[in-house]
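J.: Chain A is already provided as a structure; the job is to place chain B on it using the hints.
Number of protein chains: 2
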Amino acid sequence: MPRLAFWYEFASTYSYLSALRIETLAAEAGVAIDWRPFLLGPIFKAQGWSTSPFNLYPAKGRHMIRDIERIAAARGLAFRLPEPFPQNGLLPARLATLGVEEGWVAPFTRAVYTAEFAEGRDIADVATLAEILERIGVAAAPALAAAASDDTRARLRRTTAEAERLGLFGAPSFVCSDGELFWGDDRLRQALDWACTRRSSSKCPTT
Amino acid sequence: MPRLAFWYEFASTYSYLSALRIETLAAEAGVAIDWRPFLLGPIFKAQGWSTSPFNLYPAKGRHMIRDIERIAAARGLAFRLPEPFPQNGLLPARLATLGVEEGWVAPFTRAVYTAEFAEGRDIADVATLAEILERIGVAAAPALAAAASDDTRARLRRTTAEAERLGLFGAPSFVCSDGELFWGDDRLRQALDWACTRRSSSKCPTT
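Protein sequence lines correspond, in order, to chains A and B.
Last residue of the first sequence: 207 in my numbering, with the numbers rising by one and none dropped.
Last residue of the second sequence: 207 in my numbering, with the numbers rising by one and none dropped.
Same shape as in the complex, but just chain A (with noise of 0.2 angstroms):
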């Protein structure tokens, strides 16, 4: 089965809208999706940045808002922003690290963006995120802990480096496995054809 990771920042609405619809839209074109949360932040200080894009030129997030809600309505999904926009994604983020090695990182990141973006919740909230991995079934206290642990941190970092080498530059990204980069919710279709069609043994629906 051809593979596609999906590069993900908590802190960002668009991948929100990805990571909603990412499984659905991948079973249905045949590609195995890798869940890859890292951190935009230090990307994002590397040239320059200390907030997200969207505070610093105020247009182009009035603009952002404004389309992500359109986005949301056209396919029946609450949003809000919270405050203060951008969450601190870092907690979620070495969680999310540890649930792809455990195999829960699916339906956590799906709750945590729900939690942040169709709620308003703050996702850098340790209740919060204790009733999520509850609610998805994974015992809170030894997952807070071992996201907290050296191991998880250091897995995140590299990530993140993995991030930076591969070119990534904002959230979501799609990477094929010949390196093909996809940038945005926009080019998740784009991304999923890309995948399936470069794999000749792949059997790919007609899009």
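Please keep in mind that the hints were generated in silico from the structure rather than gathered at the bench.
All figures in this text were calculated on a predicted structure; none of them were measured in a lab.
Hints may be right or wrong, so weigh each one.
No copy labels: a pair is met if it fits in one copy or bridges any two.
[What the hints assert, rightly or not] Here are the simulated EDC-like cross-link-like pairs (lysine to aspartate or glutamate), alpha carbons at most 20 angstroms apart as the crow flies:
#1 LYS45 / GLU134
#2 LYS60 / GLU162
#3 LYS60 / GLU180
#4 LYS60 / ASP186
#5 LYS60 / GLU164
#6 LYS45 / GLU164
#7 LYS45 / GLU162
#8 LYS60 / GLU83
T.: Chain B only, in chain A's frame:
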């Protein structure tokens, strides 16, 4: 007939993609297009950028080129980045401003973008622009003289000031008569749908 304003800057790669397809899509949607050539330079300067963001952020620039190559290939369009990039779009923007008044803006705009991004030619070059004008049936010498007039310059400055007032921050942008703003070639179909369905009197094709 519902109307959609198409705001574009001649240096903009994604505006090329829109300019080459907007009339076909607008005709299908039953929407009339108002061509709005403007200058992004003053807007970029106001947010602290001295050149294209694709030069300021090289990883983003590399992705943009690849992204446009993929889209252009899918649409049967040629693409090459002109040297230098971005091109100076001032003179073609003045000519297009005149073309709005005189009714030849659409074929002129398409021809300039094709020279720039399909053939890699210099669109600040007077000889190139004169050749394009003659090819679309416009006498070059009087058009170039009128484009340099105080009246045309002032009109382009007013259009660019209006772009800022509308909250435009990039190109292409699409603005509906109710003020709804869409940014990017990938939002063109949405913008046409919006222009169409918000005018209750219009007969929109089902999309």
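J.: What hints, given by number in increasing order, does this structure fail?
T.: Number 1 only.
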